[in-house]
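Heads up: the sequence lines are chains A and B, in that order. Our numbering runs 5 ahead of the 1-based position in the first sequence. Our numbering runs 739 ahead of the 1-based position in the second sequence.
Since the hints were derived computationally from the structure, they do not count as laboratory data. Virtual Cβ for every residue (Gly too), placed ideally from N, Cα, C. Treat the hints loosely; a few may be bogus.
[Stated by the list, open to error] Straight line, CA to CA, 30 Å or less: simulated DSS-like cross-link-like pairs of lysine-lysine:
hint, chain 1, residue 1, chain 2, residue 2
1, A, K221, B, K871
2, B, K773, A, K123
3, B, K816, B, K956
4, A, K123, B, K1025
5, B, K773, B, K906
6, B, K794, B, K820
7, B, K773, B, K872
8, B, K800, A, K221
9, B, K1053, B, K800
10, A, K123, B, K872
11, B, K1077, B, K1025
12, A, K221, B, K956
13, A, K221, B, K1053
[Unchecked claim] Covered, in the sense of this in silico footprint (three residues per stretch, anywhere, with C-beta under 8 Å from a C-beta of chain B), are these stretches of chain A:
hint, stretch
14, 38–45
15, 186–197
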Amino acid sequence: MSQHFLDQFLFVALPYVCLFTFLLVTVARYRMQSYSYSSLSSQFLENEHHFWAVVPFHYGILVVTAGHLIAFLIPRTILAWNSHPLRLYVLEVSALAFGLLTLVGLVGVIVRRFSNTKIRTVTTFTDWLLFAMLLLQTISGISVALFHPWGSAWFASNLSPYLWSIFKLGPDVTYVAAMPHMVKFHIVLAFLTIGFFPFTRLVHVLVIPNPFLWRKPQVVRWYRKR
Amino acid sequence: MDVRSQVSMVFHLDKCIGCHTCSVACKNIWTDRKGADYMWWNNVETKPGTGYPTKWEDQSKYNGGWHSNGNGRLRIKSIGKARIVPNIFHNPHMPSMDDYYEPWTYDYQNLFNAPEGSDQPTAEPISMIDGKKIDVQSGPNWDDDLGGSPLYAANDPNLEGLTEQQKLQLSSVERLVFFYLPRICNHCLNPCCVASCPSGALYKRGEDGIVLVDQKKCRAWRSCVSACPYKKVYFNWFTGKSEKCILCYPRLETGQAPACFHSCVGRIRYLGVLLYDADRIEDVAKLPDDELVEGHRSMILDPHDPEVIANAKKCGISDGVIEAAQNSPVYRFVMEWKIALPPHIEYRTLPMLFYVPPMSPVQASKEDDVIHHSSDNLFHDIDSSRVPMQFLANLFGAGHEGVVRYALAKQKAVRWHRRAETVGDIDRETADRMLREADCTREEAEEIYKLTALCTYEDRFVIPPMHREQAIEMMKEPHEHREETGFGFVGGPQRGM
Ligand code: HEM
Ligand code: SF4
Ligand code: SF4
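The shape of chain A in the complex, shown without the other chains (with noise of 0.2 Å):
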């Protein structure tokens, strides 16, 4: 019974609080405070590592993340996808590839900034905060894929549909109770990532550029009609 009660407030009440979270400080602290949107880069402060550790960190989540998204989105492709063992391994090892590729880039951000004194002097307790989130997140990732294998599959047949019962405000937690402690760790830690995310740098995710790509390259402001 207790567990009933534990799953219910992890896996419904936790991500509707922490949904809501994302997005009313997201949009109110844009409306707001468009000045603090920034991905505020210590590339200034020191370059040497910085390569090192921040391409392959954006590299690795990306394609992560994207990865997550479109189990998500099109979980009947995948699994369309996965019906043929080579095709299954080739994803697999290459999510855990850029699994890997994320926890290199995340713990050279990490070591970067915490042995350079200069950028510790930019780094805020929110940032500390939030890197060891970012790196238990994917250090159980890691782990899932690691010892829960064939995730695609699963998160595709299982996680989709329970992401999707979010959304659809209909929660239906059955998808999840059955899962392993640490897929379940993952879930929770990703939730709380979300709600988290706008109160810190990751806001700049949002803010990727796009009018660069259609925009003419000279910017003129009139205050005047014309």
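Starting from the known structure of chain A, fit chain B with the ligands onto it as the hints suggest.
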């Protein structure tokens, strides 16, 4: 014809005494803040020298400016629509703090708090970033007045194309020479900083052409820092935003000259409006190197021409601004007299700050221990001046000497004309011959002389009416905001949330 107005500038290098008053005025007003501590929106360099940031003109290192591939395509060297993906995480050509310098202060407290000992306590230099003691190795103007230095002067990127002999001359003790190059943002017509910003945070103000960074839209992608070939966009390491010279627009809007202009001791700075044809920006920026100076001039319109005036009015330029353009000292230096030249026009950003190239001491010849300064060639001191013409041409003529020689010859002719008038050691005939050879008339010489030597505040700065009060009223109703804290930032800018 799309007529626009641009607040433009002339720096008369022959008058700069290298006092750095301009830099300090700017620092005190704008960049005396955490994160901006290392920035010098206005800096004064010794040339030949490596400048600030170190070797900023070496585009093989910084990759700034535009590239024209000759068949009609212009691209930013450091970033493009495809290259944005790899470059955004780590900008390969971005200068880091080491290329500028690490700002420092002194541990003054130690003078008061040091425990009693046998030595006098000292105030050691400490970093303004992490507060640690630093061993200061370089700083802005570290090479001040070090013309001839093998470490600085010898590494000036403008020495390219000089013969070995010329380079040696520049560093031989009897002949070493240097001049000053004060620099601010050029508020370019084809600004690379603006074009490179992935977020579109940088923009050029339509009415006056001032180039600004919208602090609320800047997301620290740092493209502008790499793209500006003059290295005049700076990254604020604390707030995580790019910043640059704002041409003191709050001062301009209230009719005052920018602080560096106002405080200039040598009175080398001039400011005024130029009207130009914005339709031609792209075509001109694509011209081959040797046509750039002329092409740039050809975009600038004659504010006395009735057709230009009619078009300007059609494009919404107010009578006050047109009048300011007609009285602009910049127009006279750049267009009428053609003695002010754009710096490094080969970067193709079409800078709107022009320099009158400096005269330099004569290279004397020595015969039997007698030093000779004269020669049959009236312009010998220009052709054999101690700063080789090629060096100045690399700075102000995209490597071509013609325009630089023209500007120097005219300056020299004006001097001789004045000597013939006042000192009398030169006969009128010789002076007139020089004027003729320098493509100058007596009247023009008098005017150049007046605007160079006798200029008042009003002569140097012809600030157009900016009508910002009307512009603001169009967007905001001031009465609605009465008794509020004002519009704009709510709370001071800070790092992150
Ligand atoms: C979508 C495209 C993204 C872009 C264009 C982007 C861009 C950037 C940039 C420019 C920086 C500053 C790096 C520096 O110079 O110090 C940065 C830092 C960072 N980004 Fe991203 N990012 C993206 C996605 C993400 C994602 C999905 C995450 C993680 C969930 C993430 C997490 C971080 C973190 C933790 C840092 C700080 C790294 C450090 O300490 O230097 N980013 N990002
Ligand atoms: S000098 Fe640099 S910062 Fe200034 S407008 Fe030109 S490109 Fe932009
Ligand atoms: S204040 Fe004027 S004279 Fe002095 S260094 Fe600056 S530009 Fe030159």
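Outcome of the hint check:
Only pairs whose Cα atoms come within 30 Å are accepted, and A:K221 paired with B:K871 is rejected, the gap being roughly 45 Å. For the proposed pair B:K773 and A:K123, the alpha carbon gap of about 13 Å is at most 30 Å, so the pair holds. Of the pairs offered as hints, the one joining B:K816 and B:K956 holds, with about 23 Å between alpha carbons and a cut-off of 30 Å not exceeded. Restraint check: the Cα-Cα separation between A:K123 and B:K1025 comes to about 42 Å, which exceeds 30 Å; the hinted pair is violated.
For the hint pairing B:K773 with B:K906, the CA-to-CA distance comes to about 41 Å; that exceeds 30 Å, so the pair is violated. Our distance criterion of 30 Å between C-alpha atoms is met by B:K794 and B:K820, whose separation comes to about 28 Å. Distance hint between B:K773 and B:K872 is fulfilled; the C-alpha atoms sit about 18 Å from each other, no more than 30 Å. For a cut-off of 30 Å, the pair hint linking B:K800 to A:K221 stands: about 27 Å separates their Cα positions.
With a C-alpha separation of about 45 Å, the suggested pairing of B:K1053 with B:K800 is violated against the 30 Å cut-off. Straight-line distance between C-alpha atoms of A:K123 and B:K872 comes to about 12 Å, which keeps the hinted pair within the 30 Å bound. For the hint pairing B:K1077 with B:K1025, the CA-to-CA distance comes to about 22 Å; that is within 30 Å, so the pair holds. The suggested pairing of A:K221 with B:K956 holds, with an alpha-carbon distance near 17 Å, which does not exceed 30 Å.
With a C-alpha separation of about 24 Å, the suggested pairing of A:K221 with B:K1053 holds against the 30 Å cut-off. Under a criterion of three residues with beta carbons nearer than 8 Å to beta carbons of chain B, the stated coverage of the stretch 38–45 of chain A is upheld, 8 such residues being counted. Counting residues of the stretch 186–197 of chain A whose CB lies closer than 8 Å to any CB of chain B gives 0, which falls below the minimum of 3, so the coverage claim is violated.
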